[in-house]
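Chemist: The residues making up each chain are set out below.
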Amino acid sequence: MDIPILKLSMLKKYFPYKKGSFVKAVDGVSLEIFRGETLGLVGESGSGKSTVAYTIVGMYEPTKGQILYNDQDISSLYKFRSNEIKGKIRIVFQDPNSSLNPRRTIRQILFTPLKLHKNDRYKGFPASPEALLEEVGLSSIYAYRFSRSLSGGERQLVAIAHAIATNPDLVLLDEPTSALDVSIQAKVINRLMDLQNRYKLSYLFITHDLSLMRNVAHRVAIMYLGKICEIARTKEFFEKPLHPYTQMLLSSIPVVTDEEEQLKPKKITSRGEIPSPVNIPPGCSFHLRCPFATDQCKKLDPDMKELEAHHYVRCHLY
Amino acid sequence: MNDKRCDNFGSFSDKTRRAWYRLSKNKLSVVGFVGVVVIVLAAIFAPFIAPYPTHAGKVVDFLNANQPPSLAHLCGTDPMGRDVFSRIIFALRSTLLMGVVVLSISVPFGTTMGLIAGYFQGSLIDSLITRLTDIFLAVPPLILALSVAALLKPNLMNAMLAITITWWTWYARLAYGMAVTLNREYYVRSAQLLGASWMHIIFKEMLPNCLSPILTKMTLDMGIVIMTAAALSFVGLGEQPPTPALGTMISDGAKYMPTQWWLTVFPALAIMIIVLSFNLLGDGFRDLFSTEEKQ
Numbered sequence: 000m001d002i003p004i005l006k007l008s009m010l011k012k013y014f015p016y017k018k019g020s021f022v023k024a025v026d027g028v029s030l031e032i033f034r035g036e037t038l039g040l041v042g043e044s045g046s047g048k049s050t051v052a053y054t055i056v057g058m059y060e061p062t063k064g065q066i067l068y069n070d071q072d073i074s075s076l077y078k079f080r081s082n083e084i085k086g087k088i089r090i091v092f093q094d095p096n097s098s099l100n101p102r103r104t105i106r107q108i109l110f111t112p113l114k115l116h117k118n119d120r121y122k123g124f125p126a127s128p129e130a131l132l133e134e135v136g137l138s139s140i141y142a143y144r145f146s147r148s149l150s151g152g153e154r155q156l157v158a159i160a161h162a163i164a165t166n167p168d169l170v171l172l173d174e175p176t177s178a179l180d181v182s183i184q185a186k187v188i189n190r191l192m193d194l195q196n197r198y199k200l201s202y203l204f205i206t207h208d209l210s211l212m213r214n215v216a217h218r219v220a221i222m223y224l225g226k227i228c229e230i231a232r233t234k235e236f237f238e239k240p241l242h243p244y245t246q247m248l249l250s251s252i253p254v255v256t257d258e259e260e261q262l263k264p265k266k267i268t269s270r271g272e273i274p275s276p277v278n279i280p281p282g283c284s285f286h287l288r289c290p291f292a293t294d295q296c297k298k299l300d301p302d303m304k305e306l307e308a309h310h311y312v313r314c315h316l317y
Numbered sequence: 000m001n002d003k004r005c006d007n008f009g010s011f012s013d014k015t016r017r018a019w020y021r022l023s024k025n026k027l028s029v030v031g032f033v034g035v036v037v038i039v040l041a042a043i044f045a046p047f048i049a050p051y052p053t054h055a056g057k058v059v060d061f062l063n064a065n066q067p068p069s070l071a072h073l074c075g076t077d078p079m080g081r082d083v084f085s086r087i088i089f090a091l092r093s094t095l096l097m098g099v100v101v102l103s104i105s106v107p108f109g110t111t112m113g114l115i116a117g118y119f120q121g122s123l124i125d126s127l128i129t130r131l132t133d134i135f136l137a138v139p140p141l142i143l144a145l146s147v148a149a150l151l152k153p154n155l156m157n158a159m160l161a162i163t164i165t166w167w168t169w170y171a172r173l174a175y176g177m178a179v180t181l182n183r184e185y186y187v188r189s190a191q192l193l194g195a196s197w198m199h200i201i202f203k204e205m206l207p208n209c210l211s212p213i214l215t216k217m218t219l220d221m222g223i224v225i226m227t228a229a230a231l232s233f234v235g236l237g238e239q240p241p242t243p244a245l246g247t248m249i250s251d252g253a254k255y256m257p258t259q260w261w262l263t264v265f266p267a268l269a270i271m272i273i274v275l276s277f278n279l280l281g282d283g284f285r286d287l288f289s290t291e292e293k294q
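Chains F and D, in that order, give the protein sequences.
First residue of the first sequence: 0, per numbering that gives the first Met the number 0; consecutive thereafter.
First residue of the second sequence: 0, per numbering that gives the first Met the number 0; consecutive thereafter.
Excised from the complex, chain D in its bound form (with noise of 0.2 Å):
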């Protein structure tokens, strides 16, 4: 058996090594991908990171309200005389959440709505999908999160909810695109002509090539998404105080600018560099995919 070495050809760890490989040709998607995992390492142990971990609830502590930045307070404090550093560390956690919770809902659910009218195309089945994605698709995404979130009571939940209930379609339209051309292969036909069930042809048959721009469109959209979430929680309609949100901070901090910058400046910029990171690393993905499609 000299031919037993062949068997690990394309195996998964060797898969993953060629991928790593290509992925750290191109720095700044390294640079991404550090990014990213600083920042969920940072969401994760956030009460082990933040220098004040209490003030990420209800503390006030007037004594030291209102501080410039400095080496105690490497952010400053707020008027209540929160450590803002600390609150930003918390508020990756459920600005992190925000994202996961969002993509993991609407990718799945997107993609499968999009792949079942695109196999069925021309059914009834596809023109319901196709007009309901078309109805959430002609209003800009963050109006209608804006107008549901608007619409219930407004916490972490809802607002999740909210953007996911706007965000499936985008991906239902990403597969529908490619399940209509998929359609054509021979091996659809070939396993629609041995009686195989439409279940098994679009998970089983379609769904793995359609992953790769899939997986590269939610990398991409991870920031979007916290971007949009940030604008919520900016009008008040995320998360809600004592617990720390990027975009509430940014509101309550811009009623102090310019005199206490510290308060607006830090939660922007935290919000640029997980938008600027995810964005990376989803770049890097893509020329992955693209040159890996070509192999």
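Bound-form chain F, shown alone (with noise of 0.2 Å):
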């Protein structure tokens, strides 16, 4: 964990909306990815997080701010990034439906990627369609199929096979698992952790599933509005939640047995709903559902301040 294979430094997407007024969907986030590591980037629905994967990707061009992979500066467009780049960092997107072509054998979907990138490739890597087949765990006997004829978490598993066809550094995954049966959920995890370790794969993973992230990710980053409130190591993010946000969020995992339920933070009810990002509230974006709020709050946007290594908050109650 020296340099990190990918960093965003105030990261901000606007979409034109009405006449002069913008979606402000990413609002200034910084964050940075190592290698070999799971970055939990989790929200709720509209809070920004798949703005992030796209932009990061080049799906969107940034309004603001640097995307910096290795140090490079790659905010543009993906018509702009270099071939490299383009196999370096790869998405898996939420619904496997739509992201496998039904007219398209696996073998077909899966040879693109290994005939456009065939320069990065190093000895035992897998370099046939039927190889990542079995790499992902599914028998190669799926090659001459057609996505049809496969469960969801088998297309899934496809779909992860084909971003890391190019052998990427970065995988964004986004929701990979939210179209899922839970039972289906595990066998996927299982898979990506699996060839995480074989790979030294990174991944921002993003999720609306906090428990899911207490397994899966080294890191966990919460967004609201369009802004990062807190990132910790997943054990410190668990146990000792900073940000009212996070605690609210926290508390509302339901839990099965008593012991869960004293390890979670004190129940904090909060109103409302979240925002629209077009006319984000002045001040702390949070203010507004937030029980601890202070007149400050509803002035000044607090800045992100490190409490502990690696355990970063924006709020002004630290």
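In case anyone wonders, no lab produced these hints; they're calculated from the structure.
Predicted model, so just to flag it, every value in this text is computed and none were measured.
Facing chain F, a subset of chain D residues (Cβ under 8 Å, in silico):
# : residue
1 : E184
2 : Y185
3 : Y186
Glycine residues also receive a C-beta, built at the ideal position from the N, C-alpha and C atoms.
Build the complex from these two chains, which are given one at a time in their own frames, with help from the hints.
Modeler: In structure tokens, the structure reads:
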């Protein structure tokens, strides 16, 4: 954990809305992802987590801020990036039904990245569609099938095989399991972790499922209205959440045993819904829903503070 | 390797058999299919089927001129004494050739143009192609084909050219609409992010997803192209005499109506049967593809 593979500094992405106003989907996100690490990016719907991923891969052009890949500025649309970078940063979309072409066989789908990125192949890396299928734990007889004859989990595994086919450094997982059955989720997650160990992959794991992060992520970042509220190592994050929003989210995870109930932070009830990203409230964007809000919160947007090593919070309380 | 048998899943012969089974459940499309097969075979083997193969050319037999339909001359004879049935069989050749050539040029060309315009939606190339198709589509196809054919020397080649020029725009428009929708699919985006070229995305990712409506439209269009071709030859802008063409035969026979009705009625009937067969088959294909989509 020395040089980050990917570094975002004050990344902003505004979408034009009705005359003069903007949807501030991502409003100043700074984070770092290190080699071999899983960073969980958690947030409610509409908090801008997917936009962060789409901007990193270049589907959107950042309005402001920088995306640094190994200290190299890649803040542009995918069209203007080198082929090498396209192969090094890959994305797995949420819905495997739409990310696999229904009219191409699995073999044809997996062959495309292999053909386009044959230069970055190193010895021992799966170099055929069949080998890639085995790599993600599917039988190679699937190669001649179409995606419609696969189950949802199998489709997502094929999508993962498609993403790792170029031997990437960083894979962005945009809610890779939320379209899947719970029993299949575990299988997909285990496979992802296997691949991470084998190829030293870094993941940006985007999800709204906090409890999943406990087992998967090395660090967790919480996003609210286009901003990061808190980043911490997973253990500290779950044991000592600092931001009121994090506490609120953690206290709302359903638990089974009393023991787990004890571990949970005190129940924090919050009012209202996530405000529209078109007119973000002044001051701290969370103050409308925060039970500890003061006058200062209404006026001044807090800065990111490093309270402990690798534990960053954006709140006036600390 | 117990699973070996699964390898055959969706293999070509298997798929054809299943497609045929579903097509055969619709009686009308079977009629269309049989009609098309008979027409195509008749056109290919015209010299063997036609009772008077030489009558397709410059033959004059005034002794047998203007005979009504009989066993010797199934559809009667024309004022030159030529067997109308034989001439119809030979006319099938140019008619089918017309349809096949026109569609096999205008469909690939139109589809490619439409996909390119749709893929580069909002760019200069999109506006160029879309405006061009708009101009063509604003004029009724028959009028446009007539004016193009009238500008050129009247022969089969130029008639084909005239219809092809008017026809590709329909496919461009169809493919354009589909490409615009497909642009939003994640597999297209995924290919873009991978660094795939526009050629790859258009021909490998988008085209296979557009094929079924295009093939359906093609079969349905075959009849309409043939009808347009007949209209061109009716006004003398198609195949030139003495080579038989259905449209020319009708217009020539019209002078002798109603006494020598067979000169007009039988070629007209032939056109009707051809168009109907292709349309019934096209309908069958449409049903076939739409059920396949649902699966």
